[in-house]
Amino acid sequence: MKPVNIGGHAAYQKHVLEQLCKYYPNALTSFDSATWDIMEQFWSLDLSPVDDLMRDRYSIFGPEPRLPSSMLRSYLLSIKCKVTSITAWASDLKQNYLHAILSGFSVGDTPGTGTFYDFFDRLWLSDSDNISNPVHPPKQKPKKPDKKGQKAPPVEKVTVYDLLDRFEIEPPKEFNPAARLFEIFKSQFLDTSVNQGLIDLDNLAVSGDGTPLYTGARERKTRTCDCLEKGIRDCKCSRIYHQPDCNIGWDSHRERHYFGYDLYTLTASDSENDLPIFPLLAPASRHDSHGFWYNFFSMKQFLPQANVTKLLLDSAHDAMAYYQYCSEHGIKPFIDLNGKGGRPPVYKDDFTLGDDGVPVCREGFRMRLDGTEPSKGRTKFKCPRISFAGGSPACTCPHPCSDAKYGRTVHLILKDNPRLFNDPPRCSKEWDSEYDARTSSERCNKRQKIDFKLEDGRHRSTKMWYCRLFAIMMCQHLDAWTLPKSSHLKDLFDRAT
6 MKPVNIGGHA AYQKHVLEQL CKYYPNALTS FDSATWDIME QFWSLDLSPV
56 DDLMRDRYSI FGPEPRLPSS MLRSYLLSIK CKVTSITAWA SDLKQNYLHA
106 ILSGFSVGDT PGTGTFYDFF DRLWLSDSDN ISNPVHPPKQ KPKKPDKKGQ
156 KAPPVEKVTV YDLLDRFEIE PPKEFNPAAR LFEIFKSQFL DTSVNQGLID
206 LDNLAVSGDG TPLYTGARER KTRTCDCLEK GIRDCKCSRI YHQPDCNIGW
256 DSHRERHYFG YDLYTLTASD SENDLPIFPL LAPASRHDSH GFWYNFFSMK
306 QFLPQANVTK LLLDSAHDAM AYYQYCSEHG IKPFIDLNGK GGRPPVYKDD
356 FTLGDDGVPV CREGFRMRLD GTEPSKGRTK FKCPRISFAG GSPACTCPHP
406 CSDAKYGRTV HLILKDNPRL FNDPPRCSKE WDSEYDARTS SERCNKRQKI
456 DFKLEDGRHR STKMWYCRLF AIMMCQHLDA WTLPKSSHLK DLFDRAT
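According to the working numbering, the sequence shown is numbered sequentially starting from 6.
Hints were generated in silico from the structure; no laboratory data involved. The beta carbon of each residue, even a glycine, is placed where N, CA and C say it ideally should be. Please note that a few of the clues may not be correct.
[Said to hold, decoys possible] List of simulated lysine-lysine pairs, DSSO-like, C-alpha gap at most 30 Å:
id : residue 1 : residue 2
1  : K385      : K337
2  : K148      : K241
3  : K148      : K451
[What the hints assert, rightly or not] Pair ranges (Cβ atoms, derived):
id : residue 1 : residue 2 : range
4  : Q201      : P158      : 39 to 45 Å
5  : D441      : C242      : 48 to 54 Å
6  : P158      : D375      : 53 to 59 Å
7  : R60       : D167      : 40 to 46 Å
8  : R60       : E173      : 44 to 50 Å
9  : C230      : V112      : 51 to 57 Å
10 : E277      : S257      : 42 to 48 Å
11 : Y63       : P142      : 38 to 44 Å
Construct the complete structure from the given sequences, taking the supplied hints into account.
Pasting the structure below:
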């Protein structure tokens with residue numbers, strides 16, 4: 006049967022109040038403030054539209070199903086309670102009456118483990134639990150970097166320019182099976198955060214970063230050939246991979262190889278709560294410079310109303326393709342230099358450029374920023390040895406490089422090298438102030454992996470990892486919403502008892 010939610014969110018609130026009065030008459034004194042905060046969050050969380058969003062995933066035949074809104078609410082509650090096993094949570098619902106009530110179930114009538122996994126199947130728009138073919142040749146393992154803290158070099162045979170050209174014509178399709186999960190996340194959580202002023206989709210500053218997601222201790226695979234019987238151990242024949250979307254990557258923080266995914270998340274860097282916007286699970290070996298394009302063009306496909314005006318990325322994304330794309334689409338890039346892109350040894354015949362694109366005069370002094378002229382497409386730098394003694398500017402260098410009393414002035418033409426000649430310049434206060442917000446990506450990753458125990462899910466399919474990831478993102482937004490100063494649920498409960 007199709008799910009039917011008679012009464013909507015009001016019916017859920019009535020059910021919660023009645024069940025609390027029946028099973029917890031002393032709740033005002035027996036529950037602490039943290040428990041009441043969670044109760045108030047879920048009391049106010051209206052998930053009834055999810056029942057309509059999920060109707061097409063149910064058959065008109067068969068028994069009456071559990072309401073999708075109740076199933077999702079219960080799963081979010083398990084994330085909040087840090088219960089990482091679906092089996093353990095199904096058992097908890099039978100023993101902990103409060104969790105069953107907040108989920109929207111009646112005490113003694115809660116779903117089993119199989120019902121939860123059946124619900125996850127309906128959230129996933131694919132017949133396969135994974136995205137890629139489980140049968141494929143062994144993939145190349147990334148090499149260990151030369152220096153400590155560096156990321157492993159890309160193993161992909163495609164360049165950043167190639168990916169950009171391809172995705173501008175046809176967006177990637179890796180995210181398509183998770184489209185329903187994102188639709189629920191957007192309509193019930195992201196849009197609410199936008200309406201509350203926590204995120205500005207019309208003027209969005211985006212921070213992007215990849216983080217390792219460990220899913221197992223080793224790569225599990227089965228041979229499809231008889232090479233081993235012939236004494237050939239390192240054959241290149243295809244294997245059956247039990248987690249085909251995962252592979253071996255390099256964790257630059259822990260300085261070791263790992264097996265799992267590379268989780269690349271776009272975060273609203275200008276939100277006070279470091280709120281996630283769009284995630285993408287990729288093989289662990291994928292480099293961040295490639296992962297960004299997969300994520301960004303997937304976001305443009307599923308969230309077309311997002312108008313990105315600022316892009317905050319680390320040095321792994323320092324490639325000319327990024328700067329050119331930003332210039333063509335009116336985006337301000339804030340990307341740290343990695344030192345590998347090079348710079349012209351001499352600029353304007355007699356000036357060199359520093360590592361951050363700032364001109365250095367013949368005497369070895371870094372020149373002083375004197376503003377940007379957007380209409381002329383250039384940035385102005387002046388002599389750093391100017392003194393205003395006597396009321397007028399004068400160059401005090403013992404070996405001046407200009408006959409002008411004011412000293413030498415250099416204009417950097419932005420289009421000459423948009424990578425080095427950034428707007429705003431990397432030596433400006435605006436750059437420093439804006440780029441500091443890039444750490445929102447690290448804080449978002451920490452919230453997911455440490456606070457909500459993302460890696461403790463111990464799942465074996467991309468379907469389940471996406472379900473867990475989106476549930477955690479929903480909880481991140483839920484925690485950012487402002488609770489009413491007085492507890493409405495507590496007041497109603499006090500009157501009822």
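Do the hints match the structure? See the list:
1. Between K385 and K337 the CA atoms are separated by roughly 18 Å; this keeps the pair inside 30 Å, and the hint holds.
2. Distance restraint check for K148 and K241: the Cα-Cα separation of roughly 19 Å lies within the 30 Å cut-off, and the hinted pair is therefore satisfied.
3. Between K148 and K451, the direct Cα distance comes to roughly 26 Å. Compliance with the 30 Å bound is thereby established for this hinted pair.
4. Against the hinted window of 39 to 45 Å, the Cβ-Cβ separation of Q201 and P158 comes to about 42 Å, which satisfies the hint.
5. Take D441 and C242: their Cβ atoms lie about 50 Å apart, and the range 48 to 54 Å holds.
6. Here the CB-CB span from P158 to D375 is close to 39 Å, at odds with the stated 53 to 59 Å.
7. As the Cβ distance of R60 to D167 is approximately 41 Å, the hint placing it in 40 to 46 Å holds.
8. For R60 and E173, the hinted distance range of 44 to 50 Å is not satisfied, since their beta carbons lie about 35 Å from each other.
9. Here the CB-CB span from C230 to V112 is close to 56 Å, well matched to the stated 51 to 57 Å.
10. The hint said 42 to 48 Å for the Cβ distance between E277 and S257, and at roughly 28 Å that hint is violated.
11. About 40 Å separates the C-beta atoms of Y63 and P142, a value consistent with the hinted range of 38 to 44 Å.
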